Amino acid sequence: MKPLNEITKGDRLHLRFVVSAVAVVLALVLPLLIGNDFYLDGLILIFMWGTYAAAWNILAGYAGMVSLGHNAFFGIGAYTSTLLLLRFGLTPWAGMLVGGMLASCVGLILGIVCFRLRSHYFALATLAFGEVTYIVAVNWRSLTGGSEGLALPIQPSFYLFSFSSKLPYVYIGLFFLLTVIGISYAIQQSRLGYFLLAFRENEDAARALGVRTGRVRLIAMVLSSFLSAIMGTFYAQYAVFIDPSSVIRIQLSVQVALFAIVGGVGTVMGPVIGAMLFIPITIALRAKMGTALPGLHMIVYGIILVLVLLYMPQGISTKLKEKVPLLTKIWRG
Amino acid sequence: MDHTLIVQLLISGILLGGIYALGSIGLTLIFGVMKVVNFAHGEFFMLGMYLTYWLFHYFQIDPYLSTLILVPAVFLIGLVTYYVFIRPTIGSSVLAQIFITVGLSTIIQNTVLLFWSADFRSISLSYATDAMVFGPFPALGVDEVMVNPSRLIAFSLAICLSAAFYLFLRFSYTGKIIRATSQDRSAALLMGINIDKIYKLTFAMGIVLTGLAGGLILPIYSVHPFVGFDLVLIMFVVVVLGGMGSVVGAVISGLIIGVVEVFSSYWLGQENKQVIYFLVFIAVLVLRPSGLFGLKEEEEVERIEAIE
Amino acid sequence: MSKKTLYRCAAVTAVFAIWLTGSVLYAQENVWRIGTIMPLSGPLAKNGIKNFDGVKIATDMVNDEGGVLGKKVVLVSADAPDPQAAASEANRLITNEKVTAIIGTQASTLSMAATVVAEKAQVFYLENEGISAGITGRGFKYTFRTTFDSDMMAYQMVDFAAEGIAPKIKKNAKTLRLAIVHEDSAFGTATGKGLTDRAKALGLNVVAAEVYSAKSVDLSGMVMKLRQAKPDIILAAQYINDSILFHRQAKELKFKAIVIGTTAGQGNPDFVQAFGKDADGVMAGGIPSEISVERLQAQQKKDALEFVKRYKASHNGEYPNPTSFVGFAGAWILYKFIMPKAGSLDAEKLREAALSIDVPKGKGVLNWGIKFAKPGEKNAGQNLYASAGINQWQNGELKLIYPKEIASSDLTLPK
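Residue numbers (this note's numbering), protein chains in the order written: chain Y, 1 to 333; chain H, 1 to 308; chain G, 1 to 415.
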């Protein structure tokens, strides 16, 4: 094996391909070997939250717009496909796309209205937007059923996007996760990615160089809200019951941002790593000490979170790249 | 239209606004100077409520008197929090900083749950919860109107504290340093200002104001481990609307939100009131991105870049 | 970070990870393992913990008698602070802990999410407190509710207002002015629906109907609106925090009316702590509290007294919270009636046993009987012989004033 500093660009591409292929094959085969529904459930949640966090990261990581209103898009996705199914019998596969498009439109409007706002102001304006969506969903009872929620049919059928086994959900989740990773990677490599990056680092300079910043940001917003809404539908189909507090709670936004930040904002794999780490921690802590003393598992969770952020403020994936030079060698020259 | 009703709603709205203002002063101070969005704000509020509650419960100390004990206690909590959670993150990622306060909030809530249980605790003070009746005022066509003493005290203190703070920031030496730091950290550093000391002071002062506000509203609200979250969203709205870092702005926007809330809940229904004030909030932000009393946008950008 | 600390961190993390992921081995096979899902942390924790206390005491009682059919009951418990957690924990109990019967969930919102998971996995789910009519309104095969539902409670509240209170304040069905107030989560919405339906059916005059969020920081606009409407009686489906706020703000604005709340709000001990003497006269529909144990039948009286004794022993002499009573009652029905008949924890057998039980009122637990609505009925799985009651604060104690057979006191109206 060649010393690290002699790795050429060709080797790097080659290595990158091998590593990615191994990871994908592993992800495809692993679920078949697990065979325990509990672990599969964890895997599904990791894929769902990983995708959701990566979608959030497209806006926050590449365009620098930290949104705390992504619960609204998740909810719009869940409610659109569910209502279309319950009212018109439309298959959730199509409902999912309609929900995505609706969320994109809402995202676009929100974007046009709020993109003058910077940093904290944008975060808090989107927070308010998310909260408004929640209140509307609770109070528009004739449409959403209010807090009593909507129950989906549970007979297994491909048309209904409903399966009795957990495996199909695992693979559908994996498909979305790989897709969003692909999109993030493409963005990072493309002109759009450079524009967004330029824009995030220094808006004025980017504008002076002719980057049409407004449009670039809106594209990020549309993509991000579309993918978040898809995950909303996915959750609805998996949980077969939705209500405002499970799909539009403000805490969802905080949690999705948290996964991305812990993993590393603005990196391709960061948000996924964040979900991969924190979903199992959440589940395991709740299972192991949820009933020992009330709240104890949440205290430990909070401490872990604070420690990770204190020691790795740039996120785990950034820290990993620092500590394990090989990773950097493979991914970035 | 019924004059009495309008006057009564106005009074209720202004008194509610007083509570919002009182709770927001500490938040806007920390926001403005340190650029830390403190998601654990509500938890310090809750701690202030609990401390006051225990002092009343075990020693029968009147909640207004117990502020004398509360202030130093909360100051200490603020200092410890600063050293353990905030200081290590200064100069690092802004996002990490924000989410450390999310973690902190989880830790505080659940520690309180663990030790003090999820009971809803309140104190019952007849002098503080009764209504003072004013009127009738036949000349204005206004019948009797009601004012609650606890709310009146909270309101008056919000006004006094914000005035005092305004003067302190404007005229005292420390106040000037704090403002200088908030406007341009790098320049302040070059001028030989001890940033760490200023941050420490600001953070602890902000926490004191927050805890104090919590103690003062205990006669009105009951306290439980998750009370902070109900209050904190609205306080964010108040602070941003007033302009981050503007104490006077926080008071005025607190009053605006209070009045809007009470009137909209009367006419448009209690369930829709939040929609109204959140929309007002988004609208104001869009028209005037730095809030009603914030610095102009250009200055704001420089400030944020200087921090980042 | 030096290399050394890095290794140390890695070692600690590894140990921690192994501890977290390692599964527990169950040596004792000869026990009944039953899952429980309650909100033990988060905003609903207060009642969740109290309900769980009731379930635990019922379990201790049955184990001290030698268990069910000679085998002890072991609870495998889970914490569900929010609906997503409820679903996830239900899934964990079923797939990893392999339980086939679950007791839950205290709050309607959580129950809606958790029961779906159980239904999908064909696991027996016994809801002991979540009262939203929707829980049993979905035609689920494996969801059974031991307590009354929101309609049963709401109807009783309206009936009591019209028949019990109206004559005493010299009103009749035509002249009585009612107001309906409810919070907007699943519990309040379902109860509000029941209240409205019943008032309409009886042709009562509803002069105001208000909905609000239990997270509200201020209710003064709503109080003013109610004051303008001048109701005689307010029927209120509220939680604790907002019920305290509501009564405080009513007092601040000098608004008085007869209030019938529920045991989720006004009937909670924290309510009387907040108001002291001012609480007197406020009513709370729902779980019959301080049941006049004396009037229960012999066996039921013995069980209830034993429960009260054990609860007091573990709670500094406090009388059981209404929530703990239904927690106890739910578990007791499972241990004493359903399981002995099923002879196993197989979900199918439990289900058949539950459907075949017909215990008349008064012969079950408390003053309840046990008869679950059959599949195909509108309310499949609902215990039709459970009943709600109306309580009233009198001299700082919550007295049961209705139904008469088990009431411990009479209605007293404030002068």
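Rather than coming from a laboratory, the hints here were simulated on the basis of the structure. Computed from a prediction, not measured in an experiment: that's the story for all the values here. Hints are not guaranteed to be accurate.
[What the hints assert, rightly or not] Derived coverage of chain H by chain Y (criterion: at least 3 residues anywhere in the stretch with Cβ under 8 Å from a Cβ of chain Y; other residues may be distant):
hint: 1; stretch: 113-125
hint: 2; stretch: 192-199
hint: 3; stretch: 267-278
[Said to hold, decoys possible] Beyond 12 Å from chain G on every Cβ pair, some chain Y residues (computed):
hint: 4; residue: G10
hint: 5; residue: R16
hint: 6; residue: G42
hint: 7; residue: F88
hint: 8; residue: V106
hint: 9; residue: R141
hint: 10; residue: L143
hint: 11; residue: P156
hint: 12; residue: F158
hint: 13; residue: K166
hint: 14; residue: G193
hint: 15; residue: I304
Ideal placement from N, C-alpha and C gives every residue a C-beta, glycine not left out.
Hint check results:
1. Against chain Y, the stretch 113-125 of chain H contributes 4 residues with a C-beta closer than 8 Å to a partner C-beta. That satisfies the three-residue criterion, and the hint holds.
2. Check on the stretch 192-199 of chain H: 0 of its residues sit with their Cβ under 8 Å from a Cβ of chain Y, so the three-residue criterion for coverage is violated.
3. Here's how the stretch 267-278 of chain H fares: 5 of its residues keep a CB closer than 8 Å to some CB of chain Y, so the rule of at least three is met and the hint holds.
4. Look at G10(Y): its CB is around 32 Å from the nearest CB on chain G, clear of 12 Å, so calling it non-interface holds up.
5. Look at R16(Y): its CB is around 26 Å from the nearest CB on chain G, clear of 12 Å, so calling it non-interface holds up.
6. Some Cβ of chain G comes within 12 Å of the Cβ of G42(Y); the nearest lies about 9 Å off, and the non-interface call is violated.
7. Distance check on F88(Y): its Cβ is at least 20 Å (rounded) from any Cβ of chain G, clearing the 12 Å threshold; non-interface status holds.
8. Chain G leaves V106(Y) outside its interface by the beta-carbon criterion, the shortest separation being 23 Å against a cut-off of 12 Å.
9. Its closest Cβ contact with chain G, about 7 Å, brings R141(Y) to no more than 12 Å, contrary to its assignment away from the interface.
10. In this structure L143(Y) is separated from chain G by more than 12 Å, as the shortest Cβ-Cβ distance comes to about 14 Å.
11. At the 12 Å boundary, the C-beta of P156(Y) falls inside the reach of chain G, the nearest C-beta of that chain being 9 Å off.
12. Residue-level check passed: F158(Y) sits 17 Å from the nearest beta carbon of chain G, beyond 12 Å.
13. With a least CB separation of 9 Å from chain G, K166(Y) falls inside the 12 Å interface cut-off, contrary to its annotation.
14. For G193(Y), the requirement that its beta carbon stay farther than 12 Å from each beta carbon of chain G is met, with the minimum near 31 Å.
15. Its closest Cβ contact with chain G, about 9 Å, brings I304(Y) to no more than 12 Å, contrary to its assignment away from the interface.
Comparing the model with each earlier hint shows violations of hints 2, 6, 9, 11, 13 and 15; every other hint is respected.
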